[in-house]
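Peer 1: These protein sequences, in sequence, are chains A and B.
When we follow numbering that gives the first Met the number 0, the leftmost residue of the first sequence carries the number 0, and every step to the right adds one.
When we follow numbering that gives the first Met the number 0, the leftmost residue of the second sequence carries the number 0, and every step to the right adds one.
Misleading hints may appear alongside valid ones.
[What the hints assert, rightly or not] Reference excerpt, derived from the structure (chain A facing chain B, CB under 7 Å, subset only):
{"#": "1", "residue": "11"}
{"#": "2", "residue": "15"}
{"#": "3", "residue": "43"}
{"#": "4", "residue": "47"}
{"#": "5", "residue": "48"}
{"#": "6", "residue": "50"}
[Said to hold, decoys possible] List time: in silico DMTMM-like cross-link candidates among lysine to aspartate or glutamate, alpha-carbon distance up to 25 Å:
{"#": "7", "chain 1": "B", "residue 1": "110", "chain 2": "B", "residue 2": "57"}
{"#": "8", "chain 1": "A", "residue 1": "65", "chain 2": "B", "residue 2": "102"}
{"#": "9", "chain 1": "A", "residue 1": "44", "chain 2": "B", "residue 2": "83"}
{"#": "10", "chain 1": "B", "residue 1": "110", "chain 2": "A", "residue 2": "81"}
{"#": "11", "chain 1": "A", "residue 1": "41", "chain 2": "B", "residue 2": "97"}
{"#": "12", "chain 1": "A", "residue 1": "65", "chain 2": "B", "residue 2": "101"}
{"#": "13", "chain 1": "A", "residue 1": "44", "chain 2": "B", "residue 2": "92"}
{"#": "14", "chain 1": "A", "residue 1": "44", "chain 2": "B", "residue 2": "74"}
{"#": "15", "chain 1": "A", "residue 1": "41", "chain 2": "B", "residue 2": "74"}
{"#": "16", "chain 1": "A", "residue 1": "44", "chain 2": "B", "residue 2": "94"}
{"#": "17", "chain 1": "A", "residue 1": "44", "chain 2": "B", "residue 2": "25"}
{"#": "18", "chain 1": "B", "residue 1": "77", "chain 2": "B", "residue 2": "25"}
{"#": "19", "chain 1": "A", "residue 1": "44", "chain 2": "A", "residue 2": "91"}
{"#": "20", "chain 1": "B", "residue 1": "61", "chain 2": "A", "residue 2": "70"}
{"#": "21", "chain 1": "A", "residue 1": "65", "chain 2": "B", "residue 2": "43"}
{"#": "22", "chain 1": "A", "residue 1": "21", "chain 2": "B", "residue 2": "87"}
{"#": "23", "chain 1": "B", "residue 1": "51", "chain 2": "A", "residue 2": "93"}
{"#": "24", "chain 1": "A", "residue 1": "41", "chain 2": "B", "residue 2": "43"}
{"#": "25", "chain 1": "A", "residue 1": "65", "chain 2": "B", "residue 2": "119"}
{"#": "26", "chain 1": "A", "residue 1": "65", "chain 2": "A", "residue 2": "93"}
{"#": "27", "chain 1": "B", "residue 1": "51", "chain 2": "A", "residue 2": "70"}
{"#": "28", "chain 1": "B", "residue 1": "4", "chain 2": "B", "residue 2": "92"}
[Claimed, not checked] Computed list of chain B residues with no C-beta within reach of chain A, every gap over 10 Å:
{"#": "29", "residue": "25"}
{"#": "30", "residue": "30"}
{"#": "31", "residue": "32"}
{"#": "32", "residue": "52"}
{"#": "33", "residue": "55"}
{"#": "34", "residue": "58"}
{"#": "35", "residue": "82"}
{"#": "36", "residue": "117"}
Note that these hints are calculated values from the structure, not bench results.
All residues carry an ideal CB built from backbone N, CA and C; glycine is no exception.
Now for the letters of each chain:
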Amino acid sequence: MAMLHTVNKSPYQCDTLESCLKHVGDGDVVLLIEDGVYAAMKGGKAAELIANANGVKICVLSADVKARGLEGKLIDGVEVVDYGGFVDLVVETDKTQAWL
Amino acid sequence: MSEVKNFLYVNRKAPHGTIYALESLEVVLIGAAFEQDVALAFLDDGVFQLVKGWDTSELGVKNFQPAYTALGDYDISKVYVERESLEERGLTEDDLIEMTYEDEDDDWAEKSSIRIVSREEMAQIMRDSDVILSF
């Protein structure tokens with residue numbers, strides 16, 4: 000029963016991502032969207048949260064990465080998906096939880 | 000000239016995710032028309048507003064980043080960016096857009112408006128301002 004979790008808040012502004020990662024299960028996918036993509040920035044404090052998320056696939060939405068000038072600034076192991084890829088993730092998982 | 004006050008616009012939000020960054024920019028541009036002494040401060044997630052290379056085409060919203068680079072034309076020459084906020088986010092000054100102004104006291108030489116300051120200096124800048132508008 001894999002779940003998709005979306006996180007749309009900056010990890011520096013609130014603890015949404017932290018709480019999300021405390022509630023994920025093996026095989027789940029976390030998709031960072033909107034200001035959530037800042038968590039995947041190389042060299043940032045929040046990147047540690049991502050690096051320590053074992054057994055969970057971390058994705059970022061490309062439109063939000065590009066809009067913020069973060070192309071080439073992401074940590075390794077994070078998958079970049081477009082809007083079509085977002086839909087695929089919704090379909091492939093059993094349900095979606097939007098962490099707001 | 001004693002009527003002139005020091006205005007400080009404090010920016011603490013990332014762009015796009017909320018409307019604060021764009022609204023701040025609008026207010027700064029309006030305020031600039033009133034010939035006050037204007038300074039901008041970027042700290043916490045506000046530093047993300049200055050990260051260069053935005054491409055907002057897929058978001059379907061206007062790319063308002065060029066407006067920041069035009070602030071020099073409105074006599075805005077003081078843009079304070081907090082060093083600690085940059086470091087916590089893995090950023091350096093090289094990741095930021097260029098912001099310049101022409102110095103009338105130095106034969107209109109083009110100079111950078113961006114001043115990287117420490118958290119302590121930022122606190123002092125806030126204390127020294129007459130009016131603070133926070134976004």
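Peer 1: Next step is simple, just say for each hint if it's right about the structure.
Peer 2: Hints, verified against the model:
Hint status for residue 11 of chain A: holds, given a least beta-carbon distance of 5 Å to chain B, under 7 Å. The interface hint given for residue 15 of chain A is violated, since its Cβ lies 12 Å from the closest Cβ of chain B, which is over the 7 Å cut-off. The interface hint given for residue 43 of chain A is met, as the beta carbon of that residue sits about 4 Å from the closest beta carbon of chain B, less than 7 Å. Given hint, residue 47 of chain A at the interface with chain B, is violated; its Cβ is 11 Å from that chain's nearest Cβ, farther than 7 Å.
Look at residue 48 of chain A: its Cβ only gets to about 13 Å from chain B, farther than 7 Å, so that hint breaks. Because the closest C-beta pair between residue 50 of chain A and chain B is about 13 Å apart, greater than 7 Å, the hint is violated. With a C-alpha separation of about 34 Å, the suggested pair residue 110 of chain B and residue 57 of chain B falls outside the 25 Å cut-off, and the hint is violated. Between residue 65 of chain A and residue 102 of chain B the CA atoms are separated by roughly 34 Å; this puts the pair beyond 25 Å, and the hint is violated.
This hinted pair checks out: residue 44 of chain A and residue 83 of chain B have alpha carbons roughly 12 Å apart, not beyond 25 Å. With a CA separation close to 39 Å, the supplied pair residue 110 of chain B and residue 81 of chain A exceeds the 25 Å bound. Under the criterion of a C-alpha separation no larger than 25 Å, the hint pairing residue 41 of chain A with residue 97 of chain B is consistent with the structure, at around 22 Å. A threshold of 25 Å between alpha carbons decides the hint, and for residue 65 of chain A with residue 101 of chain B the separation of about 31 Å lies outside it, so the pair is violated.
Taking the CA atoms of residue 44 of chain A and residue 92 of chain B, the gap is about 17 Å. The hint holds against a cut of 25 Å. Restraint check for residue 44 of chain A and residue 74 of chain B: not satisfied, since their Cα atoms lie roughly 35 Å apart, outside the 25 Å limit. For the suggested pair residue 41 of chain A and residue 74 of chain B, the alpha carbons sit about 35 Å apart, so the restraint of at most 25 Å is broken. Note on residue 44 of chain A and residue 94 of chain B: the hinted pairing holds, with a Cα-Cα distance of about 17 Å set against a maximum of 25 Å.
Distance restraint check for residue 44 of chain A and residue 25 of chain B: the Cα-Cα separation of roughly 31 Å exceeds the 25 Å cut-off, and the hinted pair is therefore not satisfied. Among the hinted pairs, residue 77 of chain B with residue 25 of chain B is consistent with the structure: their alpha-carbon atoms are about 17 Å apart, no more than 25 Å. For the proposed pair residue 44 of chain A and residue 91 of chain A, the alpha carbon gap of about 31 Å is over 25 Å, so the pair is violated. Only pairs whose Cα atoms come within 25 Å are accepted, and residue 61 of chain B paired with residue 70 of chain A is accepted, the gap being roughly 19 Å.
Distance check on the hinted pair: residue 65 of chain A and residue 43 of chain B sit about 21 Å apart at the alpha-carbon level, within 25 Å; holds. Annotation: proposed proximity of residue 21 of chain A to residue 87 of chain B holds, straight-line Cα distance about 22 Å (limit 25 Å). Our distance criterion of 25 Å between C-alpha atoms is broken by residue 51 of chain B and residue 93 of chain A, whose separation comes to about 38 Å. A distance of roughly 17 Å separates the Cα atoms of residue 41 of chain A and residue 43 of chain B; the hinted pair therefore holds under the 25 Å criterion.
Note on residue 65 of chain A and residue 119 of chain B: the hinted pairing is violated, with a Cα-Cα distance of about 33 Å set against a maximum of 25 Å. With a C-alpha separation of about 29 Å, the suggested pairing of residue 65 of chain A with residue 93 of chain A is violated against the 25 Å cut-off. Of the supplied pair hints, the one linking residue 51 of chain B and residue 70 of chain A holds, its CA atoms being roughly 10 Å apart against a limit of 25 Å. Our distance criterion of 25 Å between C-alpha atoms is broken by residue 4 of chain B and residue 92 of chain B, whose separation comes to about 29 Å.
Every C-beta of chain A lies more than 10 Å from that of residue 25 of chain B, the closest at about 19 Å, which supports listing it as non-interface. The beta carbon of residue 30 of chain B sits about 26 Å from the closest Cβ of chain A, which is more than 10 Å, so the claim that it is off the interface holds. Against the 10 Å criterion, residue 32 of chain B stays outside the reach of chain A, whose nearest CB is about 29 Å from its own CB. The beta carbon of residue 52 of chain B is not kept farther than 10 Å from every beta carbon of chain A, the shortest such distance being approximately 3 Å.
Separation of residue 55 of chain B from chain A is inadequate, the least Cβ-Cβ distance of about 4 Å not exceeding the 10 Å criterion. For residue 58 of chain B, the non-interface assignment is contradicted: its Cβ lies about 5 Å from the closest Cβ of chain A, within the 10 Å cut-off. A cut-off of 10 Å between C-beta atoms confirms that residue 82 of chain B is not in contact with chain A; the least separation is 14 Å. The claim that residue 117 of chain B is not at the interface with chain A holds, since no C-beta of that chain comes within 10 Å of its own (minimum 18 Å).
Of the numbered hints given earlier, the model fails hints 2, 4, 5, 6, 7, 8, 10, 12, 14, 15, 17, 19, 23, 25, 26, 28, 32, 33, 34; all others are met.
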